[in-house]
Amino acid sequence: MAVAPHTEPLKPLRPPRKRRVNESVRTWRWGDRIALVLCWATGIALCLIAGAIVLYMGVKGLQFLKLDMIFSRPQASADQQGSGGFLDPILGTVLLTLIGIVLATPVAVATAIWIVEYGRPSWLARGVESGIEIVAGTPDIVIAIFGLALFQQGLFSPLSFTAEGGAVFGRSFLTAGAMMSLIALPMVFGATREGLQAVPMHLREASYGLGKTKIATIRRVLLPAVKPNISTGAALGMGRIAGDTAIVVVLLGATLRIDPEGSIPGTNVLRGTGGTLTSYVYNNSPAGEGNAEQKAYAAAFVLLLIVIALNFAVDLIARRGAKTGLESTRLGA
Amino acid sequence: MLDRLREPWSDQRAERTLGALACLVLIAIVLMIVFVAVRAWPSFHHNGLAWFSGRGDIDQQIGVQVNTGANPTRADYTIGAWPLIWGTILTTGFAVVIGVAFSVLTAIFIVEFAPGPLRRLIVPVVRLLAAVPSVIYGLIGILVLVPFVTNHLVGEGRKESVQYVINLSGTGLLVSVVILTVMITPIMIAIIVDALYAVPRGWKEGAVALGVNRWRAMWTVSVRAARPAIIAGAVLACARALGEAIMLSMVSGSKGFAPNPADGITFIFEPLRPLASTIVEDAESLNAPAVQATVYSFALLLLASSFFLSIAAWIAKQSMRKYGVR
Numbered sequence: 001m002a003v004a005p006h007t008e009p010l011k012p013l014r015p016p017r018k019r020r021v022n023e024s025v026r027t028w029r030w031g032d033r034i035a036l037v038l039c040w041a042t043g044i045a046l047c048l049i050a051g052a053i054v055l056y057m058g059v060k061g062l063q064f065l066k067l068d069m070i071f072s073r074p075q076a077s078a079d080q081q082g083s084g085g086f087l088d089p090i091l092g093t094v095l096l097t098l099i100g101i102v103l104a105t106p107v108a109v110a111t112a113i114w115i116v117e118y119g120r121p122s123w124l125a126r127g128v129e130s131g132i133e134i135v136a137g138t139p140d141i142v143i144a145i146f147g148l149a150l151f152q153q154g155l156f157s158p159l160s161f162t163a164e165g166g167a168v169f170g171r172s173f174l175t176a177g178a179m180m181s182l183i184a185l186p187m188v189f190g191a192t193r194e195g196l197q198a199v200p201m202h203l204r205e206a207s208y209g210l211g212k213t214k215i216a217t218i219r220r221v222l223l224p225a226v227k228p229n230i231s232t233g234a235a236l237g238m239g240r241i242a243g244d245t246a247i248v249v250v251l252l253g254a255t256l257r258i259d260p261e262g263s264i265p266g267t268n269v270l271r272g273t274g275g276t277l278t279s280y281v282y283n284n285s286p287a288g289e290g291n292a293e294q295k296a297y298a299a300a301f302v303l304l305l306i307v308i309a310l311n312f313a314v315d316l317i318a319r320r321g322a323k324t325g326l327e328s329t330r331l332g333a
Numbered sequence: 001m002l003d004r005l006r007e008p009w010s011d012q013r014a015e016r017t018l019g020a021l022a023c024l025v026l027i028a029i030v031l032m033i034v035f036v037a038v039r040a041w042p043s044f045h046h047n048g049l050a051w052f053s054g055r056g057d058i059d060q061q062i063g064v065q066v067n068t069g070a071n072p073t074r075a076d077y078t079i080g081a082w083p084l085i086w087g088t089i090l091t092t093g094f095a096v097v098i099g100v101a102f103s104v105l106t107a108i109f110i111v112e113f114a115p116g117p118l119r120r121l122i123v124p125v126v127r128l129l130a131a132v133p134s135v136i137y138g139l140i141g142i143l144v145l146v147p148f149v150t151n152h153l154v155g156e157g158r159k160e161s162v163q164y165v166i167n168l169s170g171t172g173l174l175v176s177v178v179i180l181t182v183m184i185t186p187i188m189i190a191i192i193v194d195a196l197y198a199v200p201r202g203w204k205e206g207a208v209a210l211g212v213n214r215w216r217a218m219w220t221v222s223v224r225a226a227r228p229a230i231i232a233g234a235v236l237a238c239a240r241a242l243g244e245a246i247m248l249s250m251v252s253g254s255k256g257f258a259p260n261p262a263d264g265i266t267f268i269f270e271p272l273r274p275l276a277s278t279i280v281e282d283a284e285s286l287n288a289p290a291v292q293a294t295v296y297s298f299a300l301l302l303l304a305s306s307f308f309l310s311i312a313a314w315i316a317k318q319s320m321r322k323y324g325v326r
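Top to bottom, those sequences are chains A and B.
Taking the working numbering, the leading residue of the first sequence gets 1, the next gets one more, and so forth.
Taking the working numbering, the leading residue of the second sequence gets 1, the next gets one more, and so forth.
To be clear, the hints were calculated from the coordinates, so they are not data collected in a lab.
For each residue, glycine too, the CB sits at the ideal point set by N, CA and C.
Keep in mind that a hint or two might mislead.
[Claimed, not checked] Using C-beta positions, here's what the derived DEER-type ranges look like:
(1) A/Leu203 - B/Arg120: 42 to 50 Å
(2) A/Val94 - B/Arg120: 29 to 37 Å
(3) A/Ala163 - B/Ala304: 31 to 39 Å
(4) A/Gly165 - B/Gln12: 30 to 38 Å
(5) B/Arg13 - A/Leu155: 47 to 55 Å
(6) B/Pro115 - A/Leu210: 45 to 53 Å
(7) A/Leu210 - B/Arg201: 54 to 62 Å
(8) B/Arg13 - A/Leu316: 32 to 40 Å
(9) A/Ala163 - B/Gly54: 57 to 65 Å
[Stated by the list, open to error] Quick look at which bits of chain A chain B covers, simulated, 3 or more residues with Cβ under 8 Å:
(10) 142–151
(11) 176–184
(12) 220–231
(13) 244–254
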């Protein structure tokens, strides 16, 4: 007689345990494991360095920064108590940044539009493109000293102070701002160009199809489309200008106070010399004449806040469409 | 006149206007080369090839030039720029070599190994490090790192052993290279990360499917494909390091001294001064024609080097175009 084979009642199948697809590092060769550890070490080291810098500047800055420093003018003084605040350097930073970006943005945007939309003759377009890369790679100190040579020509005497012998001083907010615009230009240009290249072709074709001319398309379709890119580039460029020291030291005079030149209000400041937060920090560090560490820390903290705020603005503008989040840093190279 | 501006532009006119604005950049470059070269010419003319050689204490030579009057003689132009060139080569070279290794590893970490939260942290960190102004790096260097080095690393014995030649005060090659590395890595990381992301996914998946581990796939496929970007990043970082003036003038010791590798460990503590810092520091005495020629000759050398570096980076980037990386 056949006996039904004894069978276990079928257990309901357990859902398969979720297993990591990645293989265990234990199967790796030692060389690969060391490389992995190095990767982690460098990544974490980078975070620690940045954290240390921000924390240290924050602690020192809050320790030495007093509110009235921001609103009082600097004084020439031997000790740190009597040397006043840094209202003038803050105003200098703001003014110089504005001059630089106002000069840079139109040229950069026009150049980007010309290269992407027209680009004829092509040898000239390629030349301009590599020219901008050369400007981006030129050290700021070389740009500064070129500005000095350029603006000391008699032709540019209205831009700055002329000594009695007829020698043109060449140092003023206008001349420094003009050279600063060369620093910001590659960033605005790069951001605008990438934006224009990302605008799909059919947008342009639709506009042409409606009978618009090319320039009308640029003005009504393309410029509104790349507005966020232009703002990103401008914010990056402003951060670069605000953080630059060499041009300020060579071309702005890096004086303690803003010294107006001439008697016409408005233009006298533009023609005069001054200083910015960067030159204030430089002069008050042990490397400069002032040697007032506390003032240097406080001013550096304010400067860092300005730069971080500008970067935050970049983040807010460029959140859409950012893949790696590092495109903006690459633009700065 | 105003009416003409107000009416809608014709296409041709717009093209010409925009093209003219674009050419401003080229004009600026030409002017830059001409002005700097013209002012630099006397220095090269009077020194010849000896300009590039070492001729003793360069600080003393510049000091003599500051005191020459409006009509310097031929001998007043004497300069041997080798200590400054050597200082530039040392700081730039070390920083770029260390920086390349560091940034390749970090870029691999960001692209492949970093867990989500850490990746979201590290990207802003890179951007922050790229945005910090050089004068703040210099301030931290001179107020934190320099005292640390002079108190804990140099040692009294080492200071006394060289006190008749040079004063070891903590400022010098070591601090300069450390800070310069931190300053130039973010640029390289950004370029390499973008290139690694641009490597077609299938390539690495193919390698993984053949059984290599993640690190091997990354190293043998992605990093190899991104080699042009690594070179471009290194070249651009090199240009940045060459031109760094303010930070290095704060922490390099600012002395026209050529560190000698034969000095052993003392070498890394020896002060120096690169070309760019010299320009900043002597910018105030430009009224003396001899100093002017000297300073502009330094600027011309920097300009020429950065010019060639830009071309090198452009060539390196050409081969990246095909992956869609600019």
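Here is how each hint holds up against the structure:
Between A/Leu203 and B/Arg120 the C-beta distance comes to about 32 Å, which lies outside the given range of 42 to 50 Å. For the pair A/Val94 and B/Arg120, the beta carbons lie near 32 Å from each other, so the given range of 29 to 37 Å is met. A beta carbon spacing of about 32 Å between A/Ala163 and B/Ala304 agrees with the range 31 to 39 Å that was offered as a hint. In this structure the supplied range 30 to 38 Å is violated for A/Gly165 paired with B/Gln12, their Cβ-Cβ distance being about 48 Å.
The given range of 47 to 55 Å is broken by B/Arg13 and A/Leu155, whose C-beta atoms sit roughly 28 Å from each other. Checking the proposed 45 to 53 Å range against B/Pro115 and A/Leu210 shows it holds: the Cβ atoms sit about 50 Å from each other. One distance hint, 54 to 62 Å for the beta-carbon pair A/Leu210 and B/Arg201, is violated here, with the actual separation near 39 Å. Range check, B/Arg13 to A/Leu316: about 37 Å between beta-carbon atoms, so the 32 to 40 Å window is met.
Take A/Ala163 and B/Gly54: their Cβ atoms lie about 37 Å apart, and the range 57 to 65 Å is violated. Requiring three or more residues with a Cβ within less than 8 Å of a Cβ of chain B, the coverage given for the region 142–151 of chain A holds, as 8 such residues are present. A count of 1 residues in the region 176–184 of chain A with a Cβ less than 8 Å from any Cβ of chain B is obtained; the coverage claim is therefore unmet, three being the minimum. Evaluation of the coverage hint for the region 220–231 of chain A: breached, as 0 residues show C-beta separations to chain B shorter than 8 Å, against a requirement of three.
Counting residues of the region 244–254 of chain A whose beta-carbon sits less than 8 Å from any beta-carbon of chain B gives 5, enough to reach three: the coverage restraint holds.
Of the hints listed earlier, those the structure fails to meet are numbers 1, 4, 5, 7, 9, 11, 12, in rising order.
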